[in-house]
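Participant: Chains A and B, in that order, are what the protein sequence lines are. Oh and the first sequence: position 306 is 306 in the numbering used here, straight run, nothing missing. Oh and the second sequence: position 31 is 495 in the numbering used here, straight run, nothing missing.
Check before you lean on any hint, since a few could be wrong.
Just a few of them, taken from the derived set where beta-carbon distance is under 7 Å, the chain B residues facing chain A [stated by the list, open to error]:
{"id": "1", "residue": "Gln-730"}
{"id": "2", "residue": "Ala-732"}
{"id": "3", "residue": "Asp-841"}
{"id": "4", "residue": "Thr-856"}
{"id": "5", "residue": "Tyr-857"}
{"id": "6", "residue": "Gly-858"}
{"id": "7", "residue": "Gln-891"}
With the C-beta cut set under 8 Å, the calculated list includes, among others, these residues of chain B facing chain A [to be verified]:
{"id": "8", "residue": "Ile-624"}
{"id": "9", "residue": "Gln-727"}
{"id": "10", "residue": "Val-747"}
{"id": "11", "residue": "Gly-781"}
{"id": "12", "residue": "Thr-863"}
{"id": "13", "residue": "His-897"}
{"id": "14", "residue": "Met-924"}
Because the hints were derived from the structure by calculation, they are not lab data. For glycine and all other residues, C-beta sits at the position ideal for the given N, C-alpha and C.
There are 2 protein chains.
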Amino acid sequence: MSTRSCLEYLEYLEEHKSQFLGEMLEFLRIPSISSLPEHAGDVNRAGEWVVRRLHAAGLENVRMLPTGGHPVVTADWLHAAGRPTILLYGHFDTQPVDPLHLWTNPPFEPTLRDGHVYARGASDDKGNMLIPILAMEALLKTSGALPVNVRCFFEGQEEIGSPQIPAFLDTHRDEFACDMVISADSGQFSSEQPALLVGCRGLCAVQITARGARTDLHSGIYGGTVANPIHALAQILSTLRDTDGKILVAGFYDSVVPLGREQREQLARIPFDEAAYCAQVGVDTLFGEAGYTPVERVWVRPTLEVNGIWGGFQGEGVKTVLPNEAHAKITCRLVPDQDPHRIPDLVRQHVERQTLPGVHVEVRTLPGTARPYRIPDDHPGNRAAADVLRETYGREPFTVRTGGSIPVCEMFQNVLGAYTVGFGFAQDDEQFHAPDEFFRISSFERGQEAYCRLLQRLGMEATA
Amino acid sequence: MSTRSCLEYLEYLEEHKSQFLGEMLEFLRIPSISSLPEHAGDVNRAGEWVVRRLHAAGLENVRMLPTGGHPVVTADWLHAAGRPTILLYGHFDTQPVDPLHLWTNPPFEPTLRDGHVYARGASDDKGNMLIPILAMEALLKTSGALPVNVRCFFEGQEEIGSPQIPAFLDTHRDEFACDMVISADSGQFSSEQPALLVGCRGLCAVQITARGARTDLHSGIYGGTVANPIHALAQILSTLRDTDGKILVAGFYDSVVPLGREQREQLARIPFDEAAYCAQVGVDTLFGEAGYTPVERVWVRPTLEVNGIWGGFQGEGVKTVLPNEAHAKITCRLVPDQDPHRIPDLVRQHVERQTLPGVHVEVRTLPGTARPYRIPDDHPGNRAAADVLRETYGREPFTVRTGGSIPVCEMFQNVLGAYTVGFGFAQDDEQFHAPDEFFRISSFERGQEAYCRLLQRLGMEATA
């Protein structure tokens, strides 16, 4: 790499800055919510948008592939003989938007405010997944080549746990063969402090439904003789966790690898400002399992959270009904070596041990599981990413985890035998999965430059 | 009363049978749901319908009166000098209709099936409140007079606890002066077995709201450090009642008058077929407080029921959100001498004693309270009603209560100094407050004849 070509891609990025920002806004206007069937067409439209953008960037063999669910968009550029092959990963689907009334602007009408782009999917993951596409364009348009071989894998079902991706990946394993995966669905510690992501929590989900009488009943006429499934559900939920959040489901912690001293010391080096954290989320005090630091609790300890509950009357005023159904959606975040296929059974067994006269309870496993994931700190991809981050931020990156789940990491490892290196520019305060999600325009721009450098740095590695 | 005039009103009722049924269907088509602000106009339309029907029946001074909330329709006929004055009571508002998908027919498109009229409000209370109007018409059109003085009080806010009625009644106390109230918002034990209603439970309502962070958060990024208000709410709800429904709120039972032996014997005479009851509501087993029979539990023991709960994600699939709000609506059914204004404070104090780090909980009293009510078994109105019921059904009526609440009973007693005699034809299986509410056409017709007889029988009493 000559200094001249370096300057050229920087100039290219600078010249196209406002065009690229405009394109991100265009991408964000597509309401590609993967969990809602009525938005399936929008997920497809977002995929088509990515297809067009990859074409324009100069990628080859650009296609949208059916998966049986939301599609995958792929492309490649394979002319760097003797250089590693990188699989670039990101997702173009988004979370739902409710509660809608808490958004300052409509979630799919992106708004620029204080150097941020506010929109559902801005940070997670449309803004981030667009970065490597623009970086590749800058390299291709200025030097006519990429320093590594690249395959793209952009999916439309990450937010629902990528249900069709394992089978899809298995079928297409040769087309996605690679030395490593670089994921744009990742983040940095702060605007000043880079980070290398070495692990994420796994995920599993269940829905508990409690049913009482055949229909809703009058609470005066029947109250006192017929069980109320909302009370039964509350009873069940209150037995799932201790008041500090410790999970009381028998066997839940059995496969958790205990924290070693070295690991706890590494985690203790991560600065954590409890007061600032409380102020950011708007709570008086933190919550969580006794005996663990907040960083340990979100990164290396499992959780069980009710994500939603409903039953009976939710309108204004009073309805004197004895309802006949109540529902709760639950997800668990898992850590090595918990098995996301085993945990729902443990929850089911726990519920079956409850005595709830007059109520039938069903525990249904919901789609969307992810195994907990861990990449060695010294993986070649991590070393390259660390070099680029050090250069970009002028600081040694922290070695971090995420409490979130990135199911594809484990899938890529299983099917392609490749580790996934996180290289994204989200920050934890960017309200992903919540109202007023945003992405920093500065991250969007810095990320493009960093991706150019990363591909060049990886091009200096010999193939495996 | 001559046998001849008796035959005449019977003939009149017989001749107008299909017209009257048609009118009930017309009345039921008005979606007069009092709890939903968007239906306020419909409640008004139902009142106007009642005004027209009272005019047609021959009542005088028919008017719809403003209350500050849903209106009251009044009318009178005061030409029976030396005879008692009866205040006829009923309500033309209805409960909401959700869950709508469980209705066989749309709730406001009345449908005739197997001798029943299916519609929201058919039994509670439009079908029942129409009965005395039609009975008065039959008497007026055939004999030109009523055997007693009558005032009408038909309201549009019973299903929300009649919030404006106490102040309204206080202002209009002279216009509604009476010797007793006869309420058409009442029922019989079965199609074969009449009943005299001598008491009903009181009511109070609260809403519990638990709040955590400022916004919904990502359950991966924050799960383990930020409290989940749904878990907090479930924890609270699970402490409100024992697993058998016994209420654990300190002081809740303090004012409950203990059941005497005589009272328990009277209640034990009421036949109760547990298997049939279970089959009717669709449960395997009954539920409720140890040490009390099912009849005692619904009629003379207080209850606390969650009528609705909601928070977080309720859509299809999975949303990995750590929600920031959760809500529950609760009503308590009360028995003598519990105070509906005191119970919400006890619930609030109970909740305030919980330790819930990171969660703020608010207990808000909802409008709509009713004191528990008791009329002496041998009240003159009860004696007259018993005579008519004995004649109509050929059986001695049971002395019963209802587990429901009729707030106006206590209001009429307080403001007008008059007891309320229940004289209605609903039956407990008629799904009021639930999907597929219905009213028996046979009850509608039998009720008209019985009301004619009741007014004649009351005309034989001297004024107080």
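Participant: Against this structure, judge whether each hint is valid.
Facilitator: A quick look at each hint next to the structure:
Interface hint at Gln-730(B): violated, since its Cβ lies 18 Å from the closest Cβ of chain A, which is beyond the 7 Å cut-off. For Ala-732(B), the shortest C-beta to C-beta distance to chain A is roughly 16 Å, which exceeds 7 Å, and the interface hint is violated. At about 21 Å, the closest approach between the beta carbon of Asp-841(B) and any beta carbon in chain A exceeds 7 Å, and the interface hint on this residue is violated. Here the hint on Thr-856(B) is broken, as its CB sits about 23 Å from the closest CB of chain A, past 7 Å.
A hinted interface residue such as Tyr-857(B) counts as satisfied when its beta carbon comes closer than 7 Å to some beta carbon of chain A; here the least separation is about 21 Å, so the hint is violated. The interface hint given for Gly-858(B) is broken, as the beta carbon of that residue sits about 26 Å from the closest beta carbon of chain A, more than 7 Å. Given hint, Gln-891(B) at the interface with chain A, is violated; its Cβ is 10 Å from that chain's nearest Cβ, farther than 7 Å. Among the interface hints, the one on Ile-624(B) holds; its C-beta lies about 6 Å from the nearest C-beta in chain A, closer than the 8 Å criterion.
Taking 8 Å as the C-beta cut-off, the interface hint given for Gln-727(B) is violated, the closest approach to chain A being about 16 Å. For the restraint placing Val-747(B) at the interface with chain A, the shortest Cβ-Cβ distance is roughly 5 Å, inside the 8 Å limit, so the hint holds. Interface restraint check for Gly-781(B): the shortest CB-CB distance to chain A comes to about 4 Å, inside 8 Å, so the restraint holds. Using the Cβ-Cβ criterion of 8 Å, the hint placing Thr-863(B) at the interface with chain A is not satisfied: the shortest such distance is roughly 18 Å.
This hint holds: His-897(B) has a C-beta 4 Å from the nearest C-beta of chain A, less than the 8 Å allowed. The restraint placing Met-924(B) at the interface with chain A is violated, with a minimum CB-CB distance near 34 Å, outside the 8 Å limit.
When each numbered hint is compared with the structure, violations occur for hints 1, 2, 3, 4, 5, 6, 7, 9, 12 and 14.
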